[in-house]
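Peer 1: As a plain string of letters, each chain reads:
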Amino acid sequence: MRGAASVERALRVALAVVAVAGLGVSIYLTVERARGRAPSCVVGGGCGTVQASRYAELAGIPVAWLGIAGYAGLLTAAALPGAAGGALGLLVAVIAAGFSGWLTYVELGILHAVCFWCVTSAVLVGIALLICVARLAVAAPRPAPA
Amino acid sequence: MSTTARANRTPSRRIVVAVAVAAALAVAGVLIALSARGGTDGDAGRSIDPALVAEVTAAVGGVPQSGATLGRPSAPVVVTEYADLQCPFCAQAAATIVPDVVRRYVRPGVARLEFAPLAFIGGDSTRGAHAAVAAGSQDRLWQYVELLYRLQGEENAGWLDDDLVDAAARALDLDVAAFDAALHAGSTQAALDEAARTATTDGVSSTPAFVVTGPKGRRVVTGADGAAVTAAIEAVK
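Chains A and B are the protein sequences, given in the same order. By the count of the numbering used here, the first sequence reaches residue 150 at its end, each step adding exactly one. By the count of the numbering used here, the second sequence reaches residue 516 at its end, each step adding exactly one.
Hints in this document: simulated from the structure, not taken from any laboratory. Treat the hints with care, since some could be wrong.
[Said to hold, decoys possible] Quick list of the computed label-pair ranges, beta carbon to beta carbon:
1. A/88 to B/473: 50 to 60 Å
2. A/112 to B/440: 23 to 33 Å
3. B/510 to A/112: 46 to 56 Å
4. A/134 to B/371: 49 to 59 Å
5. B/502 to A/44: 27 to 37 Å
6. B/346 to A/88: 27 to 37 Å
7. A/76 to B/502: 43 to 53 Å
8. B/345 to A/112: 39 to 49 Å
9. B/440 to A/14: 23 to 33 Å
10. B/378 to A/44: 32 to 42 Å
11. A/44 to B/304: 30 to 40 Å
12. B/313 to A/88: 26 to 36 Å
13. B/367 to A/24: 34 to 44 Å
14. B/454 to A/24: 39 to 49 Å
Beta carbons: idealized from backbone N, C-alpha and C, even for Gly.
Please construct the entire structure, taking both the sequences and the accompanying hints into account.
Peer 2: Right, dumping it as structure tokens:
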């Protein structure tokens, strides 16, 4: 059981690292938007197009704010030990992965523009989902040997 | 904990996980539906006074337009106007300087106007700049820009929103589907990047600014100074 506990701890640390990185991306996008500037595209040149599109807001709320909320949720899940943290992490990660997948489709299929920061966030969300699933698997009780 | 107790707990734990995942997927579905609706709600919305539309259409009626260019492509003088659609002095220039230049120089074929949209003031400026270029893809940039200037509100107060952008396109009988596609096209962003680059090259750091180029040289006029623009055209033509 001590092995499972240490693996769970390692997964929580990994989730915290991913959440902090995602918070950094979301805060950067929020600040650039507030300043009325297109974010600097490290790779490619679609950041301005994506950020200026109507898909950058959801019911009037900038999507970057949702990113901050989502990554804050993942950070909270990383801080919470046990089943509560695992369940919260999975809940947030599934929502984030679903929405992030949609936004990636919007970039590729509708806007035909790829934003480096959005792709980075999508990758971070994917990693977070894998970590959350692994955390639940590690925490699941195993039948004792006969 | 006994083996029996663990075995009893496993099914309920799986059910909890399944319910949590289903709930999360449902929330993600709602978010996606809201986002998709936001992306296509241009059919709803506001209408623009037809008299205003008729006015801005008549202002450039009969003058050839192609992309960002108003006037004969072969006109010897080029007047490039750098403008931000949220900028009140740009609206003032559109109401006073542009009609005068069109009447005295563009209609007779002496000069052509080039619109170079910049986004200095805020996020709505970026939206407006994209919209101007998108209207230019259907050769109606000048009446589109003029219409938005007539409807201009306070800087960064939210007046230049998606609804207005689409409503203006509809009012001017643009192909809205093609307009929406052009709004997000890579070529539109490329045109805006190019405008920003030429602004830097021309030393333009505020709007409005007019760069007047002709056979006898080049002049840069900053601000909504109609007399200076006219003098510059006269000097270089």
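Peer 1: If a hint holds in the structure, say so; if it does not, say that too.
Peer 2: Going through the hints against the structure:
At roughly 54 Å, the beta-carbon separation of residue 88 of chain A and residue 473 of chain B lies within the given 50 to 60 Å, and the hint holds. The hint said 23 to 33 Å for the Cβ distance between residue 112 of chain A and residue 440 of chain B, and at roughly 26 Å that hint holds. Separation of residue 510 of chain B from residue 112 of chain A is about 51 Å and conforms to the stated range, judged on CB atoms against 46 to 56 Å. Restraint check, residue 134 of chain A to residue 371 of chain B: a C-beta distance of roughly 57 Å satisfies the suggested window 49 to 59 Å.
Look at residue 502 of chain B against residue 44 of chain A: about 30 Å separates their beta carbons, and that is inside 27 to 37 Å. For residue 346 of chain B and residue 88 of chain A, the Cβ-Cβ distance of about 59 Å falls outside the hinted range of 27 to 37 Å, so the restraint is violated. The hint said 43 to 53 Å for the Cβ distance between residue 76 of chain A and residue 502 of chain B, and at roughly 46 Å that hint holds. For the pair residue 345 of chain B and residue 112 of chain A, the beta carbons lie near 31 Å from each other, so the given range of 39 to 49 Å is not met.
At roughly 47 Å, the beta carbons of residue 440 of chain B and residue 14 of chain A sit outside the given window of 23 to 33 Å. Checked against the given bound of 32 to 42 Å, the beta carbons of residue 378 of chain B and residue 44 of chain A, roughly 39 Å apart, stay inside it. A beta carbon spacing of about 34 Å between residue 44 of chain A and residue 304 of chain B agrees with the range 30 to 40 Å that was offered as a hint. As the Cβ distance of residue 313 of chain B to residue 88 of chain A is approximately 28 Å, the hint placing it in 26 to 36 Å holds.
A hinted range of 34 to 44 Å holds for the C-beta pair residue 367 of chain B and residue 24 of chain A, which are about 42 Å apart. About 46 Å separates the C-beta atoms of residue 454 of chain B and residue 24 of chain A, a value consistent with the hinted range of 39 to 49 Å.
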